[in-house]
Amino acid sequence: MKITGKSVSKGIIIGNTYILKLQNQEIIKENIINVEEEIKKLNFIKEAAIKELDDLYNFSKKEVGDNEAQIFIGHKLLLEDNELLDRVKEIVINEKVNIKWAIKKTEEEFVSIFRNMKNVYMRERATDIIDICNRLINILDGQIDNNVLSGIIVANELTPSQTIKFDKRHVKGIITEKGGINSHVAIIARMLEIPAITNVKNALNLFNDGDEVVIDANSSIIILNPDEKCIKHYRNLKNNFDLEKESLKEYIGKNDETNDGYKVKVLSNIANINDLKMALENDAKGIGLFRTEFMYMNRTSFPTEDEHYSSYKYIAENIEGPIIIRTLDIGGDKKVDYIGIEKEENPFLGYRAIRYCLDNEEVFVTQIKGILRASYNTNIKIMFPMISSLEELERAKVILEKAKELLIKEEKLFNKDIEVGMMIETPAAAILSDIFAKEVDFFSIGTNDLIQYTVAVDRTNDKVENLYSPHNLSILRLIKNTIDNGHKENIMVGMCGEVASDSKIIPLLIGMGIDEISVNPSKILNIRKTIANVNKEKSINLYAQVEQCKTVEKIKKLLEY
Amino acid sequence: MKSNDILYNNEISFHVRPASLFVNKAKEFMCDVKIKKGTNIVDGKKLMKILMLEIEKGDFIQIIAEGIDEDKAIDELSKIVSVC
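Going down the list, the sequences are from chains A and B. With the working numbering, the residue at position 173 of the first sequence is 173, and numbering never jumps. With the working numbering, the residue at position 67 of the second sequence is 628, and numbering never jumps.
Just the calculated beta-carbon pair ranges, DEER-fashion:
#: 1; chain 1: B; residue 1: K640; chain 2: A; residue 2: M191; range: 27 to 33 Å
#: 2; chain 1: A; residue 1: D337; chain 2: B; residue 2: Q623; range: 16 to 22 Å
#: 3; chain 1: A; residue 1: D227; chain 2: B; residue 2: N601; range: 54 to 60 Å
These are computed hints drawn from the structure, not numbers from a lab. For every residue, glycine included, the Cβ atom is placed at its ideal position computed from N, Cα and C.
Modelling step: build the complete structure from the supplied sequences, incorporating the hints.
Right, dumping it as C-alpha cells:
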C-alpha cells in the first residue's frame, strides 16, 4: 500500500515501525484537602523542570547547535513567567484538585488559545505548551523515559524534547502526521541524516507497531507491507543513494583538479549565513558569488556601511580562499519597498542592478565602502552585475575610487589593490568581452541571465521554457569567446550560473578553459568529483565538435545527455 | 521613558524562539520594558504575554523602556527585533 506525505529529509530506508502513542494516560481528578501541600509540590516540580531544561539546552547546543537549542530556553522562560503555573495554582486553589489534573486542564486551555491563533507559526507553538506540561507531569510521576526509541518512528507530532533524544544508531526513519519543512522534526531529521516524511494523514491509524515499511523520502512515498520485489528494488535504490553520498564525502579536503592535474577551483554561491555554513561543511574553496541583495530584503531601510562591513568581515573570518562580493543586483521583480523601484512592465530589462546603483550613488557608495573596509587583509573581491556598456563599467570604477578617497579621509583601512571584476550576463558584455577584459581583473559568467537575454526566452514562462537551454550554440560561443578574450588579457574567467552545476557540461567547460566554477553548497562535492574525472587535454577538442553539431539536440547527444 | 517604533518584517512570526531571545535580553536591564501592538501593551519580560500578542510580519510594534538604562535597552532590544 502506497502512502504519500511531505518529505522533509531525504534518503531511503526499509524497516519496522515504532508507534509513539499520544500522551493519553488517564489523568484522574482527585479532591484535595491540603491545598498548601499541593502548591508546595508545584514549586518543587517547577525547579526540577527548570534544571532539566538547562541540561537539555546545554546538551542540544552541542548536538544540534544554539539555534535549535534555544527552544529549551523558551520553555524555561515560559515556566519562569509563571503565567502557566499561576493558572495551575488557581485551579488547584479554586477547585481543590490535584496538580496533575490542574496541569492537564491548564495545558488544554493554553493549547486551545494557540491553536486558534491566525498565524501558522504561532499555532505550532501549541506543541511547546504540550511539551512543557508533559515534562511537569513526568516529573510528578517520577517517570524517567527509559524507552529506547528505535526503528521507524511513527507519531502525531514530535516535540523538541522527544527529537533531541533521537540516537541515529537506533532511529532509522520518521513518519509524522504534523510538521512542516522547518519544524523540529525536519531540522533534527536532516541533522541526523535520517529520512523523514511528515503530513501523513492519519498516520497513527494507518500503521501498527512493527509494520514493515519502505520510506522513500526522495520521492515522498511510504510503502506499507512491501512485497519481495518492492523490497529488492528499494534495497538497490538505497544502496546507490548511500554509496553516492559516501563517495561524495570522500571529496571533502580534496583538491579541485582534473585527472591530468589542471586546477579548476570549486567555489560556493551564497546569499546568507546558512549558505555559508553549508559551504563550509561541503569544503568550498571560497565564495564565487555572494548575492548581497538578500541583505536589503525583509527590512524597511537601507543597510548601513557598518552593517555591510560586519557582514562581509564575518564571511572573510569564516572561510579561506577568494570571496567575490557582488554589488546590489535587485530589480522590480523583488518586493523591496524602500528601495524605490516602481513596478515595471519588464523588470528584467529595466531599472535594476548596476543601473539602479549608478543612479543612486549614495546607496552604491555605502555598500562599496563596506566591502572595501572588509577587504583589508582579506581575500575579498568586488564584482559589478549586469554591465552592458563600457561607460557603465567606467562610471562604477570612478565611484569605487571616490569611495576609496572617502575612506582615506576617514582614516579607515582597506585593500588598496582590491580586485575588481564583472558579471558577463548580458549579450552586450559577452560580445564586448575583448574590450572589457582589458578593464577588469576577472569575469564571472552568469548563465541564468545570459541564456534568457541571448535566446530571448523567459524561463518562468511554461510555453517557452523548453527553449531556455545552455546547449543553444549561441550560448556556448559566447562562453568560449568570453573565456578566450579573458585569457588573452590574462584574467581569470569563472562561472556562477546554474549551468556550472550541471555535471554533464563540465568536460566541455573545462575543455574551453574555465578557471573557476561557483555552485550552490549542496553541489560542491558533486562538481569536484566530476572535475576529478575529467581529462582536460582530451576535452579540448570538445568545443570544435560542438560547433559541428550546430543544433541543441545534436549537442546534447554529443555531451551524453 | 524612551520608545522605538518598529515594523516587524521577519518572515517568521515572533514566536518562542525569537521572542525568548528578546525576553532574555530584556531581563538583563533594570528598567521596565514593554511591547505595544495596537492597543495592547504587555510586559516585555514575560514570554507568554509577548506570544499572546501574535506579532507577525507586517505588524507595527513599539518597544517602551523606562528606567536608568532605558537608552541601552531600547537600542539593544530594537536590534534583536530587526535581526531576528
